[in-house]
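K.L.:
With the hints as your guide, set chains B and C onto chain A.
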Amino acid sequence: MSDYNPGATLEKDGAIAILTMDDAKKRNALSEAVVSDMERHVADIMADDAIRAVVLTGANGTFCAGGDISGFDDMDMPLRRRMPRLQGLAAKIAHSEKPVVSAIEGGAFGGGLSVALLADQVISADNARFCASFAKIGLMPDVGLLATLTARVGIGRAKEICMLAEDVPAADALADGMVDELTAPGQALTRAKEVATEFAAMAPLAVGYTKAMTMRWPMTLVQELAWEGQLQGILFSTDDLQEGRSAFFEKRKPAFKGR
Amino acid sequence: MSDAAPKTLVEDRGSVRILTINNVKQRNALTMDVKAVFGPALAEAERDPNVRAIVITGAGGTFSAGGDVTLFGDMTPAKGRHVVYRQREFLHTMIRGETPIIAAVEGFAYGAGFGVAMAADHIVAAEDAKFCAAFNKIGLMPDGGLLYTLPQRVGMGRAKEMLMLASVTDGIEAKRLGMVDVLAPSGSALAAALAKAERFAAAAPLAIGAIKGAFARWPFDLESVFAMEVDAQQALMGTADATEARRAFFAKQKPVFKGA
Amino acid sequence: MSETDAVSRVDRTQEGAVAVLTVNNVKRRNAFSPEIRAELVGHLNDIETDDATRAIVITGAGGTFSAGGDLSTMQDMTAFEGRDRIRAGRQTVETMARGEKPIIAAVEGFAFGAGLSLALLADWIVAADDAKFCASFGKVGLMGDMGLFWTLPQRVKAGKAKRMLMLADVVAADEALEIGLVEAVAPKGQALSTALKKARAFADAAPLPNRLTREALAHFPAGLDDMLAYESQGQGILFTSADTKEGLNAFFEKRKPVFQGN
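Protein chains in written order, with our numbering: chain A, 1 to 259; chain B, 260 to 519; chain C, 520 to 781.
Worth double-checking, as some hints may not be accurate.
Said to hold, decoys possible - DSSO-like, lysine-lysine: derived pairs with alpha carbons at most 27 Å apart:
#1 A:Lys193 <-> A:Lys253
#2 A:Lys193 <-> A:Lys26
#3 C:Lys716 <-> C:Lys658
#4 C:Lys651 <-> C:Lys775
#5 C:Lys651 <-> C:Lys546
#6 A:Lys253 <-> C:Lys658
#7 A:Lys25 <-> B:Lys513
#8 B:Lys511 <-> A:Lys25
#9 C:Lys651 <-> B:Lys284
#10 C:Lys775 <-> B:Lys284
#11 B:Lys338 <-> B:Lys284
#12 B:Lys338 <-> A:Lys26
#13 C:Lys546 <-> A:Lys251
#14 A:Lys26 <-> B:Lys513
#15 C:Lys651 <-> A:Lys253
#16 C:Lys546 <-> B:Lys338
#17 A:Lys12 <-> A:Lys257
#18 A:Lys193 <-> C:Lys658
#19 A:Lys12 <-> C:Lys658
#20 C:Lys773 <-> A:Lys251
Stated by the list, open to error - Derived CB-CB ranges, DEER-like:
#21 C:Asp570 <-> A:Asp167: 22 to 30 Å
#22 B:Ala302 <-> C:Asp530: 37 to 45 Å
#23 C:Lys764 <-> A:Gln223: 39 to 47 Å
No lab work stands behind these hints, which were simulated from the structure alone.
We put the beta carbon where it would ideally sit given N, CA and C, even for glycine.
Chain A extracted, bound-state conformation (with noise of 0.2 Å):
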């Protein structure tokens, strides 16, 4: 492993971003080195209107490990100090309002796990196996585990996968909801671009906007309505209706400007 250089990659595949954490030692664990270089790429990623659809991957056959546990014993940096910043990015990924897929081969621990299910659409290779491995190491799931992964499987699984810490195999995940999609070993990537393509089809603004409303629930029905009605009231106005609504009427497909 003479070219170890851990980090993470960033792809532009026409309309679709590929971003792969990538550190072969230490099975692409959020250490500094690869965190620093997702901070750089979402940045970019977001400022890039010609990026629609962003696939988050791992290199190295699987996913993301999760939190550097490396470290732990003597770390100078106050958790609460720490934690806000991968907060932050996660933050960026759930608000950027692309639409994300996580492509999950290998696994996704702790950490890892929290991050695959930022995604909107998580497709996993059917011999992957999760773990929110947190209890494990005598914590709990951070990276916001509890609300997405709530909201996929619903509490009653959500609470036994979190304390009890247990290996969850693909098919599983797939029953319970934590994943959308299984595809055959090494396929992973592949259909995730798939998806990606997918939502890249669909107009920006209203994909974006439907994303973020999906990143406030749970809502009640009055901030719904509010935030309904200014949201729709600007796709409203939007070039990109006008040519839906003509597409529509010559049966042909449209093509999205995001204005």
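P.N.:
Same frame as chain A, but now just chains B and C:
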């Protein structure tokens, strides 16, 4: 079982405490005298540092038939409100406590008995167990926390049908809907619950407490979860159990947690 | 058909204690026009104060539920005009969500766009086995409305709900049942008769507790203490109702109770 027997039986199996509602004559109805014993027994289990998991079940092959229908004789609205209001004492202990609670349901979990089962963190049901929010049949609305707990488990559409039509759900259907977590053959719900309780009992108790406490604050969105995590994780990170867990993790051993 | 083609209205018929509201704008596949909205709200308000009606069925004429909003009316508008347009639909959502009588939706054919939103405001939904559901808004550059971001996640887990909302997935009846989007599936052509049967069960149930239950659940998402306060206060009122006396008598006499709603 004579009337003199305690209305809630208490038994320890290692670090698992079993609380058995014992009012067999009335199919374990949650009468005032049952609640007078059950509530404190639950609170005591919750306080005891040696208890790492609590199993709640019913004696005589049934969980609980619900409230006490003989109570209604001299009812007033204020008395009625008070009777239901007082249930929050044990519901708070169940939902807001720090010890994981597993319900083992055989036979009937009706009315407030259904509420007790749904307030558990983890629910084991016999295949032929029967759940029913029977309240509407006697002109009452759901209580026992079901308005809070049931929609979280089965979704609003199914919850409304169960709560407004007092429909009966058996164990198999309950498992399919996510209303219960584990299905057991008839007669073996308690055994299955105890096996599961062992696993909850082996987990790091402070982490479990923090996780349970966070879930009890539902509804939460992503931002409020971020806030809860920072507060709890900071405290957990410095505990002896977290250090022991990391040591065991790297040594590939089973950790031994002390709850400190 | 020419006469039917021209109408845009909501018809009300009565089947005992059940009011049946039929969205009737067949030419536009029961698109959700302003007239339809106004008529729906009018009927719901009438029913709210009609003690003889204890349950409501909502369905669509001509073998379909509703294809959603009317695209032909969505010409250029400003964002504020758009907001006004959405606000005009708010009364329909609030009337259905806050009303005190159970609503059953009978879905044949399509429940697309606002038609999906309308169906999801019901308490209990039955779909014909060839019915299709779609949050089709995204196909024309819009997002869900009429309360959809409130109702859908109450029924459907987040992964699937997001796919429906963000990719406008079409969901067939059997999948709708599996994911909790609907409560029952009936053979094609029998959604209405199945809905009526269920509506009669709702009508036979004690109405007072269900009014309080429906009101409480409309506070979704509410915390534990809110719901505990709600149940103790509501139960206090109900304990002394004539219907509770009737329910208890029926229980001890092992017969079916007959509830009067008092």
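K.L.:
Does each hint hold? Answer for all of them.
P.N.:
So, going through the hints one by one against the coordinates:
With a C-alpha separation of about 20 Å, the suggested pairing of lysine 193 of chain A with lysine 253 of chain A holds against the 27 Å cut-off. A C-alpha spacing of about 25 Å is found between lysine 193 of chain A and lysine 26 of chain A, which places the hinted pair at or below 27 Å, so the restraint holds. Between lysine 716 of chain C and lysine 658 of chain C the alpha-carbon distance is near 36 Å, which puts this suggested pair outside the 27 Å criterion. This hinted pair does not check out: lysine 651 of chain C and lysine 775 of chain C have alpha carbons roughly 38 Å apart, beyond 27 Å.
Annotation: proposed proximity of lysine 651 of chain C to lysine 546 of chain C holds, straight-line Cα distance about 19 Å (limit 27 Å). Of the pairs offered as hints, the one joining lysine 253 of chain A and lysine 658 of chain C holds, with about 9 Å between alpha carbons and a cut-off of 27 Å not exceeded. A distance of roughly 24 Å separates the Cα atoms of lysine 25 of chain A and lysine 513 of chain B; the hinted pair therefore holds under the 27 Å criterion. Between the alpha carbons of lysine 511 of chain B and lysine 25 of chain A the distance comes to roughly 18 Å, so the proposed pair stays at or under 27 Å and holds.
Under the criterion of a C-alpha separation no larger than 27 Å, the hint pairing lysine 651 of chain C with lysine 284 of chain B is inconsistent with the structure, at around 51 Å. With a CA separation close to 24 Å, the supplied pair lysine 775 of chain C and lysine 284 of chain B stays within the 27 Å bound. Proposed proximity of lysine 338 of chain B and lysine 284 of chain B is supported: the alpha carbons are some 25 Å apart, at most 27 Å. Taking the CA atoms of lysine 338 of chain B and lysine 26 of chain A, the gap is about 62 Å. The hint is violated against a cut of 27 Å.
At roughly 19 Å between alpha-carbon atoms, lysine 546 of chain C and lysine 251 of chain A fall within 27 Å of each other, so this suggested pair holds. Only pairs whose Cα atoms come within 27 Å are accepted, and lysine 26 of chain A paired with lysine 513 of chain B is accepted, the gap being roughly 22 Å. Proximity of lysine 651 of chain C to lysine 253 of chain A is assessed by CA-CA distance (about 21 Å); at most 27 Å being required, the pair is judged to hold. This hinted pair does not check out: lysine 546 of chain C and lysine 338 of chain B have alpha carbons roughly 58 Å apart, beyond 27 Å.
Proposed proximity of lysine 12 of chain A and lysine 257 of chain A is supported: the alpha carbons are some 19 Å apart, at most 27 Å. At roughly 20 Å between alpha-carbon atoms, lysine 193 of chain A and lysine 658 of chain C fall within 27 Å of each other, so this suggested pair holds. At roughly 25 Å between alpha-carbon atoms, lysine 12 of chain A and lysine 658 of chain C fall within 27 Å of each other, so this suggested pair holds. The hinted pair formed by lysine 773 of chain C and lysine 251 of chain A fails the criterion: a straight-line CA distance of about 62 Å is larger than 27 Å.
Checked against the given bound of 22 to 30 Å, the beta carbons of aspartate 570 of chain C and aspartate 167 of chain A, roughly 57 Å apart, lie outside it. Taken as a hint, the range 37 to 45 Å is violated for the pair alanine 302 of chain B and aspartate 530 of chain C, whose Cβ atoms sit roughly 58 Å apart. The hinted range of 39 to 47 Å is satisfied by lysine 764 of chain C and glutamine 223 of chain A, whose Cβ atoms lie roughly 41 Å apart.
Violated hints, in rising order: 3, 4, 9, 12, 16, 20, 21 and 22; the structure is consistent with all others.
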